[in-house]
Amino acid sequence: MSLLQEEREIILSNEYVDTFDFAEVAEFVKNASKDLFISHHFKKKNKMLVQPRGGFPTYKKQFALYEFFVDANVDVLPLTIDSNTRLNDYATSKKMLRLSEENDVDMLNGYPLVNHGYRTTRKMITNFNKPVSLRHGTPDARLLIETAIASGIFEIEGGPITYLLPYSKNFPLDKAFLYWKYVERVCANYSKLNEPINRESFGPLTATLVPPSITIVIQLLEMLLSLEEGVKSFSVSFAQQGSMNQDIVTGAVLKKLAKHYAAEIDCSDAAIHLVYHQWMGAFPMNKDYAEQLINMATVIASMVGADKIITKTREEASGIPTKEANAKTVSNTQYTLGILNGLPNVVDEEEEEMLTLQVKAIMEAVFNDPADTLWRKVFNSIKNGIIDVPFSPHIINHNNMITIRDAKKNIRIIKRGNVPIPDRCYAYDKAQCDLTKDTTSIVNDIIHDIGIMQ
Amino acid sequence: MKVVTGVVGNDIHVVANRLIELSLNARGYEVFNLGVNTYLEEFFDAAVETGADVLMISSLNGEAEGWSREVKLLKSKYKNLDDIIMMIGGNLVVGTGNAEDIVPRYKNYGFDIVCHQVDLNTGLDLLETFIKDRDTKESNE
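Line by line, the protein sequences give chains A and B. Counting along the first sequence from 1, when you hit position 198 you're at 198 in the numbering used here, and nothing is skipped either side. Counting along the second sequence from 1, when you hit position 81 you're at 1081 in the numbering used here, and nothing is skipped either side.
Keep in mind the hints are simulated off the structure, nothing from the lab. Possibly wrong hints are sitting among the right ones.
To be verified - Okay, the calculated bits of chain B under chain A, using three or more residues with CB under 8 Å as the criterion:
| hint | region |
| --- | --- |
| 1 | 1033-1042 |
| 2 | 1058-1067 |
| 3 | 1105-1113 |
What the hints assert, rightly or not - Partner residues aside, some chain B positions facing chain A, computed with beta carbon under 10 Å:
| hint | residue |
| --- | --- |
| 4 | Ala1016 |
| 5 | Arg1027 |
| 6 | Glu1030 |
| 7 | Val1048 |
| 8 | Thr1050 |
| 9 | Gln1117 |
| 10 | Val1118 |
Said to hold, decoys possible - Once the Cα atoms are required to be at most 27 Å apart in a straight line, the calculated BS3-like pairs of lysine-lysine come out as:
| hint | chain 1 | residue 1 | chain 2 | residue 2 |
| --- | --- | --- | --- | --- |
| 11 | B | Lys1132 | B | Lys1002 |
| 12 | A | Lys415 | B | Lys1002 |
| 13 | A | Lys437 | B | Lys1075 |
| 14 | A | Lys169 | A | Lys192 |
| 15 | A | Lys437 | A | Lys360 |
| 16 | B | Lys1075 | A | Lys169 |
| 17 | A | Lys192 | A | Lys287 |
| 18 | A | Lys383 | A | Lys45 |
| 19 | A | Lys61 | A | Lys44 |
| 20 | B | Lys1132 | A | Lys169 |
| 21 | A | Lys255 | A | Lys30 |
| 22 | A | Lys256 | A | Lys47 |
Glycine residues also receive a C-beta, built at the ideal position from the N, C-alpha and C atoms.
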């Protein structure tokens, strides 16, 4: 028996799992409907796929949410997991699920997939026969993704960097890399049976003034870590940044470099997709304004040429959205996509060149780390600040990079810390900003820059 | 002057915490930032270890209220912390409340300066005034 299979048997002999039947699950994936695979829909490429967010604790409510989404003409269904499951605390999620079922009050902020189990969940997924995307935030997602794939969920979001640096203070990063290696291998193995399982990285990170070069570098590295384990379908992603031009430039550079670096490791046969998140920062309380913001994000996603858009709702500022508000966003977004025709082709060569230089310099510094494997190089690079994510709560992150917005609302680096931003690019970024102010005014500007959409 | 700061409890909201660090540095303080998700013991341990003059605790989700009830008891177990300036700020209740009720309550918990939904620079000005007043009082004695 392979080491991976031994590890799988240990993971799946968890007391919260009701006997995992490996052979039956493999048979299910092999014969599953192509419609359940988002990789299959990407191949057909008719239009930008629309995917909302959403997860409720009980089967009944999740089922009802999916009915609303299907009525609103959804392309991809989400399954958002509750925060106890994300931290592998299945005992608490079990208790809270029971309370939610008995009292008709939601005691969890998502669907506790491990507690429901794959036999139950599969009934729901196959009933709707739409691709489902797993949304979580789990550093150790081994049991979760085994359960997800067995349920018919063939897109897995996350990664060792993007699900750790924005969400955790002190979960060990080296462990996260190893746990995600397991996830990649399991996805790669199942991909041989039918259409490929799609992996998606979480580009928004902290959604707080992250410069595009850091976003792109992390997208590329998670893509490489995934492809080197044999994954054949991967989505890189980023969120609306605040400047339409910067979004278009980011999308163009990300697409080009994803192809470039995949080819460098002889993985050109893997399909790479681009996902765009509607604004992930602080939302306006005014629900009509929120709808305008959402609509604008859809227009930008089209300009960027995204393969999939992930939506927000008009209730974003006030808490977990109702299924009605969530479905409304889906139909509004589909409407906007349907009437967006004859888009201009915008190319900003100077900005593209600057961003490409930044990304390549950081990637080169990562590759030059003396460690023997890619994940160790990336780990060391985060530890020594070559990769630095603004506003990450994690203790390993340096937090020495400072970014602000220029007059056109582009995110610019005004202090690079240990990140090897080339001098020319650094001077260019700083030249766009007013740096004559004292630190107190700059801090006030940062506060303003974070809240620009409110 | 040395300041130990951080976000109390299981609160992971990091943005203001970073801005507090930047602003304190700009005002010339030596900052020891414990970051988010910090327990009271860790604050007091760090204050002893660094010889801090100020302990500045913040809270966004309001869970400070629960933790603050233990401040006096816990602080009394440490030596050398009698002169430390205790400051707390952010959203100091879960849900809504008004400052007139909240400030005296927190002063009772053992804080010298209490800022409920006060903006960052106003709060830091309050700290400066407090330090100045205390120094004049001491030199008069």
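| message | Run through the hints listed earlier and report the numbers of any the structure violates, in increasing order. | response | Checked against the structure, the hints that fail are numbers 2, 3, 6, 7, 8, 9, 10, 13, 14, 15, 17, 18, 19, 20, 21, while the rest are satisfied.
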